[in-house]
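Protein chains in written order, with my numbering: chain A, 1 to 165; chain B, 1 to 124.
Keep in mind that the hints were calculated from the coordinates and are not lab data.
Think of the CB as a built atom: it goes at the ideal place given N, C-alpha and C, for glycine as much as any other residue.
Any given hint could turn out to be false.
To be verified - Pairwise CB distance ranges (calculated):
| id | chain 1 | residue 1 | chain 2 | residue 2 | range |
| --- | --- | --- | --- | --- | --- |
| 1 | B | Glu36 | A | Glu116 | 55 to 61 Å |
| 2 | A | Ala136 | B | Gly10 | 32 to 38 Å |
| 3 | A | Arg156 | B | Tyr88 | 40 to 46 Å |
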Amino acid sequence: MSFTDLISDLNARGVRFVVIGGVAAGVQGSTRATFDLDICYDPAPDNIRALARLLADRHAYLRGVEPGLPFIIDERAFRTTPVMTLTTDAGPIDVMDHVAGVGEYPAVLAASIEAEAFGQRFRALGLPALIDAKKATGRRRDLEQLPELEALLALRQRRGRKQRG
Amino acid sequence: MAREIRQVTGMPLRRAWRLAPEALAAWPGRREWVHEGREASVRLVVDLERYLSNYAVRLALARTRYAERRRGRMPRRSRDPVAAAQAYGVDVSLLQESLTLSPEERLRRLEEAYEFFRTVQVVG
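Make a model of the complete structure from these sequences and hints.
Okay, structure coming up:
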C-alpha cells in the first residue's frame, strides 16, 4: 500500500481531486503520522463515474463496519452518500465532496497548492484552508492539530520573507 | 425506510411505518421489494440492496469520523503561533527540520510511518 499508489491511480483515471487532511498537512511539513488518504472530489457526473469505477476495481469496502454488508459503489451511491470512509487494495481512503470550513470542490480547489512526488502531480489543500477546516469540524482530535499547523504556517511565512529579503 | 417511503410516495408516515418492516423482512431473499396498490395500477419498488448499502455507508461514517464537537469559545492564543505551539508542547524543531525536506521526501516519510505501524508486531 502507498498513498502514491492511490494518487497515481486517481491521476491515471483522470479523476479530478484535491488531497486534504493528514497527507496534505504532511506534504507541507506536518510531523504527524497519518494512515489514510483523504480527498475532496469534483462532483461532476463524469468524475464521479471515474472515481466509482476506480474504487470498485480496487475492491473498496467500508471501514469500521462488519464485512459482508451490502455495499454498492457507483454514480448513484455518490449522489446519496457523497462522503465515504473506505478501505481498498491500495490502502484506506476517505472521499468527500466538500470540506467543512472551506466549501465545495471549487472552493477547495481554489485553496489548494500544487505538489509533486514520485512523478505524480496533485493538488493538496493549502495550510490556511487546512487550519480553517480543522477549526470548522470542532472535533477535539482536529483542534489538537491547530497549534502545529498554525506554527507551520508562521514558519513557512518567515522562511518566505527571508528568502525574498 | 419509513421516512424514505413517505418522502417518495407522500403517503402518511403511519402507513409507511407499517410497510417498512415488510420491505426489510424481504432481505436477503430478495434484492427488491415490490408493493402493489389495491387496483394494481401503482407499484412501489424498494431497492433493498441499495437502501442497506446507504445505511452501511452512514454507519461506517458514524463509527470512523463522528466525534463530539468541542463546546464554547476557542481558547485565546498568543500572537506568535510558533511560541503558542511550543507552549502547547509541539516540538517546533521537528517542524523546522520537516520544512527543509521536499514534498516528495515528506510523503515518503509518511508512507514509511504507515508501513511501519502496519507491519510492526509486539513480540513477547
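Original post:
Do Arg156(A) and Tyr88(B) keep their Cβ atoms within the hinted range of 40 to 46 Å?
Top reply: violated (18 Å)
Subject >> Verdict for Glu36(B), Glu116(A) (Cβ pair) under range 55 to 61 Å >> reply: holds (59 Å)
Subject >> Whether the CB-CB distance between Ala136(A) and Gly10(B) falls inside 32 to 38 Å >> reply: Check passed, 36 Å falls within 32 to 38 Å.
This entry does not satisfy hint 3, going by the numbered hints stated previously; all others are met.
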